[in-house]
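**Student:** One-letter residues, chain by chain:
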Amino acid sequence: MQFGLNEEQQMIVATTRAFVENELFPHEMEVERTGHLRMDLVREIQKKAIEAGLYAANMPSDVGGAGLDTLSWLLYERELGRANYALHWTCVARPSNILLAGTDEQRQKYLYPCIRGEKWDCLAMTEPGAGSDLRGMTASARREGTDWVLNGTKHFISHADIADFAIVFMASGEEETPRGRKKLITAFFVDKGTPGFTVREGYRNVSHRGYTNAVLEFDNCRLPESAILGEVHKGFEVANTWLGATRLQVAATCLGRADRALQHAIRYAAERRQFGQQIGKFQGVSFKLADMAMELKAAELLTWEAAWRFDQGSVTEADMSMAKLKATEVLAMIADEAIQIHGGMGLMDDLPLERIWRDARVERIWEGTSEIQRHIISRQLLREHGA
Amino acid sequence: MKVLVPVKRVIDYNVKVRVKADGSGVDLANVKMSMNPFDEIAVEEAIRLKEKGVATEVVVVSIGVKQSQETLRTALAMGADRAILIEAAADVHTDIEPLAVAKLLAGVVKEEAPGIVLAGKQAIDNDMNATGQMLAALLGWSQATFASELAVEGDKATVTREVDGGLQTISVALPAVVTVDLRLNEPRYASLPNIMKAKSKPLATKTPADYGVDVSPRLTVVKTTEPAGRKAGVKVGSVDELIAKLKDEAGVI
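Line order of the protein sequences matches chains A and B.
Take 171 as the starting number for the first sequence in this note's numbering and just add one per residue.
Take 236 as the starting number for the second sequence in this note's numbering and just add one per residue.
Misleading hints may appear alongside valid ones.
As the list claims (entries may be wrong) - Listed below are the simulated DSS-like cross-link pairs for lysine-lysine, each with C-alpha atoms no more than 25 Å apart in a straight line:
hint: 1; chain 1: B; residue 1: K255; chain 2: A; residue 2: K451
hint: 2; chain 1: B; residue 1: K285; chain 2: A; residue 2: K218
hint: 3; chain 1: A; residue 1: K218; chain 2: B; residue 2: K434
hint: 4; chain 1: A; residue 1: K217; chain 2: B; residue 2: K432
hint: 5; chain 1: A; residue 1: K217; chain 2: B; residue 2: K285
hint: 6; chain 1: A; residue 1: K218; chain 2: B; residue 2: K432
If you're looking for bench data, these hints aren't it; they were derived computationally from the structure.
Keep in mind that this is a model prediction, so the values were computed, not measured.
Turn these sequences into a full structure, and let the hints steer you where they fit.
**Tutor:** Structure follows, in structure tokens:
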């Protein structure tokens, strides 16, 4: 294994970082203070992101993406992750990889417009009664002739307000397994405007201002067979095949924000003087910085190694869970300590620290809570011993 | 018409520069290095000339350590077609002096026969501001320095120069050496697809001996010092006191 970045990776980092600092940072305060991302601003930045080839760069080159290996893609994610989430996700969108699972017709209708910046996607799995326990979902799809009829409610659906369509996972039946009855899940494309499909405003929440969530309601929403993504009853298989690396994506964006907070803390500790010296010279502060830097490096190494394994085809669920778990928890620690080093100033929204601290909270919950990640890791440890 | 753009690998403009303990120069070990910002503007202008159909090929050249390859790749990722690296030093602290650089560039010009050499007005590390001028002299070409606007038409270039207190517009016969200033353009981002393509673009490696140039230094650095630290300010009690101090102590009014 080699740890250095190659020339291309260095350039990807340089270009993405320059874009984030020049095009996204200047608008952060507006989004944070208003909690709203203006669509005219989105279009302006989106155009530049497309010119720079940063838009939808997660996609393979044959469909119009940048064709990056997993490590290069995550380096790009880390740089984007430094900025306000709404800004980087909306203006430099990374359409879900699951769109690659579509048929040619579905690719024409959904994948390519997302890559060109003409449409936005969103994924709907979570329900009020089904969070970590996804199989417990009650929203359902029922076959009626050649059609499917959807009923039920999804919530916490990120950016569904601006999305043009949703990829919705529905309980479509049940099967007997050695461990009891299990629900069968099917994934559907549902366009905005389809009769029986309503998107309602979601909840105000602590993290990622300007990045909204919504409630999706299905009331006898009728879809043709062609709206199915993948195969009938194979929704989880589609998700597992195409959404495997999203935990690494979360890890990488957290690394970017953690580094931003750490850099603020280092600069402040070197500048701020109390009791006649720079506060960084007090061990109470300097040891914090040492721990923050060490933990960040540990999280980075876990993430980059998992990325490398992903491309080798040897990655395990535990590898990706460890990276996600470590990066999100390190971000929380670094954000908290960076504020502690800044004292009262760290809480003011003139600095990005208070929002990095707020934003850190959701990272330990979405894409699998820290507890689910620990479950995945320990399950892998114990399974070979028959437990 | 071919455009030749020399690019230099310099300490990144964001890095806080530290002088080496022995005062022989600036510490460059494990420091972030980037393309000289003025050279980046020159590369951008060359690519724009190509996009306008004025230039047919953009060739970038760098003289220095092996790692200057990275700088050349950046230029290729921005859109240059081909690169030449003249490996003239082994230690990152070795700075090749303007006259040697100009002689090497003159050798490259003889081989490549560009219609225009677009260079940064100076490198931000040693601020010599001499290479472009020396190159023009060695070649016997026209020169236009500190360009803030450039238009090429036929066998002439019209260049607006940033001079003290204003602008001067001159017309030079081609081939010419044009050195560029800060306001000429805003360099583009090296786009991700172009970064991926850069690897497959040709990069030739040469040595000073290939051009028969001796790059050994003729200047001796006697001492390098950091700028004096800023002294603490003073609080004044009234506007009158402020005016008195500005007049008598600072001598600015």
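**Student:** With reference to the structure, classify each hint as holding or not holding.
**Tutor:** So, going through the hints one by one against the coordinates:
1. About 23 Å separates the Cα atoms of K255(B) and K451(A), which keeps this hinted pair within 25 Å; it holds.
2. The hinted pair formed by K285(B) and K218(A) meets the criterion: a straight-line CA distance of about 21 Å does not exceed 25 Å.
3. Only pairs whose Cα atoms come within 25 Å are accepted, and K218(A) paired with K434(B) is accepted, the gap being roughly 24 Å.
4. Between K217(A) and K432(B) the CA atoms are separated by roughly 22 Å; this keeps the pair inside 25 Å, and the hint holds.
5. Pair hint K217(A) plus K285(B) holds up; C-alpha atoms about 22 Å apart against a cutoff of 25 Å.
6. This hinted pair checks out: K218(A) and K432(B) have alpha carbons roughly 20 Å apart, not beyond 25 Å.
Checked against the numbered hints given earlier, the structure satisfies every one of them.
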